[in-house]
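Novice: If you read the protein sequences in the order shown, they are chains H and R. Residues in the first sequence are numbered consecutively from 1, following UniProt numbering. Residues in the second sequence are numbered consecutively from 1, following UniProt numbering.
Rather than coming from a laboratory, the hints here were simulated on the basis of the structure. Any given hint might turn out to be false.
Identical copies carry no separate label here, and so any pair may be met within one copy or between two of them.
What the hints assert, rightly or not - Only pairs whose alpha carbons sit at most 25 Å apart, straight line, appear in this in silico DMTMM-like list of lysine to aspartate or glutamate:
no., residue 1, residue 2
1, 75, 60
2, 75, 108
3, 81, 60
4, 81, 108
5, 81, 68
Number of protein chains: 2
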Amino acid sequence: MCPPGCLHSICAQATRRGVLRSGFALGAAMALPSASLAAPVPAAEHRFSTVHDLTHTLFEGFPTFSGERWFTVEKPVTWDKDKVNLHRWTLMEHTGTHMDAPLHFSQDGLSVDLIPIADLVVPLAVIDIRERAAANPDTSLTPDDIARWEARYGRLPDGCCVAMNSGWHALLDEPRFTGRDADGRNHTPGFHIEAADFLLRERDVKGIAVDTLSLDTGLASSGAFPVHYAWLGSGRWGVEAIAGLDDLPASGAMLVVAGPKVRGGTGGPSRVLALV
Amino acid sequence: MCPPGCLHSICAQATRRGVLRSGFALGAAMALPSASLAAPVPAAEHRFSTVHDLTHTLFEGFPTFSGERWFTVEKPVTWDKDKVNLHRWTLMEHTGTHMDAPLHFSQDGLSVDLIPIADLVVPLAVIDIRERAAANPDTSLTPDDIARWEARYGRLPDGCCVAMNSGWHALLDEPRFTGRDADGRNHTPGFHIEAADFLLRERDVKGIAVDTLSLDTGLASSGAFPVHYAWLGSGRWGVEAIAGLDDLPASGAMLVVAGPKVRGGTGGPSRVLALV
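So that you can see chain H by itself, here it is in the shape it has in the complex (with noise of 0.2 Å):
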């Protein structure tokens, strides 16, 4: 039901290609501290009137990088039968709207039941990419892109996430939204692994979040996971499959990363909010 054979054949290609072992020398020169449980809560006073959600609904047949299906429901208990209704389901965790923890993409990263929530309610910088995704699905956000943010919005807050508005968020229903050829390569837009590389080394960022299937472009995924080795092994975590980003300001939303507390979880599907 949900063997992800296609991700050891990804996996296998990529160790060939020694690409791990470089995504993963890099990540580990730019590792910062890991998230400390400790990590004292933001002091800063947030006020907010509405609440946005940015979570697509899960359903048995919900898109998935891999084409495979990750989702399904048996109703074991059902109103006609017992006047309650409760449901089974099973999952592979990295499908809907989830989080990516560190330990998706490294050996001892954090799991997800140990980020600490302070690092999961964050400021939000929504970066728009659309109109150049539009025109070409193998585009990616670059450090370009951060910087036309920054000059428009200012510095990103420290301890945001940066999120990548493609518009691919309104794209589930469509072929799209996987955007995969005749080759079974995906051809989706991303973050750039110069992006990811700057803001781990010149911001103070907690997570990236992107409207499509994966931190890195479809092409890269199809392959090396640059952005996935490099910034989740640095301890930091990933939102895939985002929605509702055009409804939201560039800058001043909080984001509620409401990720599944499963201990020893490599992510999941998560409930993702914005406090406006």
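Chain H is already provided as a structure; the job is to place chain R on it using the hints.
Specialist: Chain R only, in chain H's frame:
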């Protein structure tokens, strides 16, 4: 792995006793309009400077109402083999710190994905019955407890969640958490049906939360589930196995119930936070 046999028998028992029918008549009589999907987001401005995690870590063997194992993990993709970690979960929806959607105890109530997001970020009133519960695990939160809370903190805020702090959230590792006796009955605190009735009729309350495994007392749960049928049947939600209540103010926090957005779900493991 997850057969909910005991729930079947409980429901069968309850049906024999005709309790379900009377429970439903009660629910129907008190029914308010179901939460509307177009519910306006509250316009009031909320402020916070700290985030509290009210979620227990979920693990294989997390105590369940039935005593069965309702959460299991497999690890088909591992770092040693694949240079990626990715797990598969199988779970019954109502395990860990979790939501009850109206559909859980009603024929056609709202599923968890359809509850308006504005109804899941709400003022939190914490009612402390720890002292009484320590002396008598069969005690319940009553209308008198609500009256005492209101005498001290003012009328329950419109659109709030009322949470019972029985101290049970601190007993997760002890047999008292499920409170199962030799006859298979559970001895745990919960809402008294008269308290639920009062909140339904006399106050504007979106949800109720308990730090035990059931909105009802353990004894009421071993048969009739009167609070489940009345409360969820009215279109409102519940949270079970909430954690961390001791550190919260009785009044003034905002609760974030980040439930799973699963199509047709009757509830499920949730990340529950408080903004203070």
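Novice: Decide, hint by hint, whether the structure agrees.
Specialist: Against the structure, the hints come out as follows:
In the homo-oligomer, the alpha carbons of residue 75 and residue 60 lie at most 25 Å apart both inside one protomer (13 Å) and across protomers (21 Å), since each shortest distance falls under that limit. Taking identical chains as interchangeable, the C-alpha atoms of residue 75 and residue 108 lie at most 25 Å apart only when they sit on different chains, with a minimum of 15 Å there against 36 Å within one chain. Taking the closest pair of Cα atoms, residue 81 and residue 60 come within 25 Å of each other only inside a single copy of the chain (23 Å); across copies the shortest separation is 28 Å, beyond that limit. In the homo-oligomer, the alpha carbons of residue 81 and residue 108 lie at most 25 Å apart only across protomers (14 Å), although the nearest pairing inside one protomer, at 46 Å, exceeds that limit.
For the identical chains of this complex, residue 81 and residue 68 are inter-copy neighbours only, at 20 Å across copies versus 32 Å inside a copy, given an alpha-carbon limit of 25 Å.
Checked against the numbered hints given earlier, this structure breaks none of them.
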